[in-house]
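One line per chain: the protein sequences are A and B, in this order.
Going by my numbering, the first residue of the first sequence is number 1, and it counts up by one from there.
Going by my numbering, the first residue of the second sequence is number 1, and it counts up by one from there.
Hints should not be assumed to be uniformly reliable.
[Unchecked claim] Computed spacing ranges between beta-carbons, pair by pair:
no. : chain 1 : residue 1 : chain 2 : residue 2 : range
1   : A       : ARG59     : B       : VAL286    : 43 to 49 Å
2   : A       : PRO33     : B       : ALA377    : 48 to 54 Å
3   : A       : GLY69     : B       : ALA377    : 44 to 50 Å
4   : B       : ARG321    : A       : ASP226    : 37 to 43 Å
5   : A       : ARG59     : B       : PHE7      : 29 to 35 Å
[As the list claims (entries may be wrong)] Below, in silico cross-link-like pairs of lysine to aspartate or glutamate (EDC-like), each with a Cα-Cα straight-line distance of 20 Å or less:
no. : chain 1 : residue 1 : chain 2 : residue 2
6   : B       : LYS389    : A       : ASP76
7   : B       : LYS8      : A       : GLU122
8   : A       : LYS6      : A       : ASP71
9   : B       : LYS8      : A       : ASP76
10  : B       : LYS8      : A       : GLU125
Honestly, the hints are just simulated from the structure, not real lab data.
Just so you know, these numbers come straight off a predicted model, no measurement behind them.
In this text, a Cβ means the ideal position worked out from N, Cα and C, and glycines have one as well.
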Amino acid sequence: MNAVIKLTEIHKVYHTGEVDVHAVRGVSLDIEPGEFVAIMGSSGSGKSTLMNMIGCLDRPTEGSYFLDGIDVSTLDREQRAEIRNDKIGFVFQGFNLLSRTTALENVEMPMLYNRRRVPSREQNERALKSLELVGLGDRADHKPNQLSGGQQQRVAIARALVNRPSLLLADEPTGNLDSQTSIEIMGVFQKLNDAGITIVMVTHELDIARYTKRTVILRDGKILTDEPVAGRLNAEIELKKLRQAQAAVSLA
Amino acid sequence: MKFFAPFKLAGRALRRNKMRSLLTMLGVIIGVGSVIASVSITNGASKQVEDKVASLGQNVVTVFSGNFTSGGMRGGWGSAPTLTVEDTTAIQNEVANVVAVSPEVRDRMQILANGLNWNTQIMGESPDYPQIRDWDIADGTMFTDADVRSIAKVAVIGKTVVDQLFINQDPVGQTLIIRNIPFKVVGVLEAKGFNLFGQDQDDIVIIPYTSHMRRITKRTFVNSIMVQAASKETIGQVQEDITTLLLDRHKSADQDFTVRTQLELMQMATSTTRIMSVLLGAIASVSLIVGGIGIMNIMLVSVTERTREIGIRMAVGARGRDILVQFLIEAVTLSAVGGIMGIALGMAAAKTTSYFTGWPTLTPYAWIGIACVSSAAIGIVSGFYPAWKASRLDPIEALRYE
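So here's chain A without its partners, still in its complex pose (with noise of 0.2 Å):
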């Protein structure tokens, strides 16, 4: 099967000032559909570079990067917005949700970019199929501020699965969450990736990580570690175990 992310020695250099910065030094990753990996790294060690770069949001220096079959380390701006909107979801750590706008709507909005016209009772149907994909097609009509931060993300990634993307990448999807709705929004990653979609994460919280299947930890713009994750996680027995705590802290 081919790769969907195929990186090979991939370079970012920023050009700020009189310094160069040598952001990603010489990455090289394969992740095979299907996969859920989880890119780890203190701050500078190259992992929100190296994540624009996977996203098509920037370019990288030097190297190739193949997405999905796709040479995309060439194309240029106009282009690699069309390969985003066809073969990435994305999930930010902030949520970004338009407000003041339905969660259908926002569901909806990549579809508005597609280069084949859907028509918009198609529209409806996808963003409503998403949204109860991820648990909250009774919220459809609820605007950002009417929702909790877990219930936004959820959103959030209804809208990157709608177009059907071949890979789903999330940063720090669950940086702005607390524990138990961040291991609610991993069981939603993780019935996601038992569905067969792929997902790459970025995250520097080891205990997230582990409900993942492969991390990969970078340091001064390098791969240091690339393993398979031992003792991985299930959300769902997790929130069974913090359930009974709570009830039997509430109980005490």
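Using the hints provided, position chain B relative to the given structure of chain A.
Same frame as chain A, now just chain B:
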């Protein structure tokens, strides 16, 4: 991106900030409103003048005889005995694109009827006269060529004369006495009102020019010759041809006549209103430009405020072009809606002005079109820079923007 989607987006974005959108539009509303109002008012004024000029007739070229000078006293246009009935015939036969000709002799005289008397203008004309003046006969008929040939004692009279001499009577068939000669009234002209110079055009008695020249005044010369050209376009040529013809016929070194066209008169009469409309239009356009600057300003603010939104849209696949179109359409929607409201406001202002001052106002349809197009153009021009700025944003930077 679909065709209608950006309009939906723009509508949503503008509704989100209703008060701001309205205030932004206000510039264009006032600009377009004042353009429409001033155009309506000056257009109404010049229409009124044009109507007055048109009441002189259709495509009329008038030949006046020169001034008569006697012992140092100069008599003014029409006083010199230089134009003849033969000149009239020559014009009719030799000048192309002439549809009607009437020699004109006129005198003020006291007339009698029904035991009443009245001083009025007695005009000697040909039967073409009503056609040249675009003047219908309300009652009875115009006299004929046969009447001209037979020097008939027939008259067609104006509304004022009817009111003065034939109170509550049908004048047709009655008798009118001019210089002790009885004339039979055969027709009554439709009321035409006052002309451009404030003269009552209906205070008139028209008789065959032969009757005027042989029976009443014993004159051999005519005061002027009225000529109707075939169309607006041929007036100039007709004027030239008449000048050449008469110079040749009169064989005098000095030009002893003048040829005037209605077009010249129209231009003189409308020149003031034209200056007014240019001035008002210029002032109004300035406010339109100010409105455009207002839109640009708000769009720039809006782009900055919505940097994050732009970043999100770009991340999910909006191309620079899509963002450009989105903001451009927002700006155009603002100015176009403002323009439409401005047109309504301007027309209402013109109607109000006309109600309180009695000035006629007229909104030309062309200007409604011009207002629509120019307000949309203002939206494009003033929205382009902010929209372009938005489309050039770097999605990574934009997403990080707080």
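Hints and how they fare:
1. For the hinted restraint 43 to 49 Å between A:ARG59 and B:VAL286, the CB-CB distance of approximately 47 Å keeps it satisfied.
2. Checked against the given bound of 48 to 54 Å, the beta carbons of A:PRO33 and B:ALA377, roughly 52 Å apart, stay inside it.
3. Taking the beta carbon of each, A:GLY69 and B:ALA377 are about 47 Å apart, inside 44 to 50 Å as hinted.
4. The supplied range of 37 to 43 Å is met by B:ARG321 and A:ASP226, whose beta-carbon atoms lie about 39 Å from each other.
5. Range check, A:ARG59 to B:PHE7: about 33 Å between beta-carbon atoms, so the 29 to 35 Å window is met.
6. The straight-line distance between the Cα atoms of B:LYS389 and A:ASP76 is roughly 18 Å, inside the 20 Å bound, and the hint therefore holds.
7. Proposed proximity of B:LYS8 and A:GLU122 is supported: the alpha carbons are some 17 Å apart, at most 20 Å.
8. Proximity of A:LYS6 to A:ASP71 is assessed by CA-CA distance (about 9 Å); at most 20 Å being required, the pair is judged to hold.
9. Under the criterion of a C-alpha separation no larger than 20 Å, the hint pairing B:LYS8 with A:ASP76 is inconsistent with the structure, at around 29 Å.
10. Between B:LYS8 and A:GLU125 the CA atoms are separated by roughly 19 Å; this keeps the pair inside 20 Å, and the hint holds.
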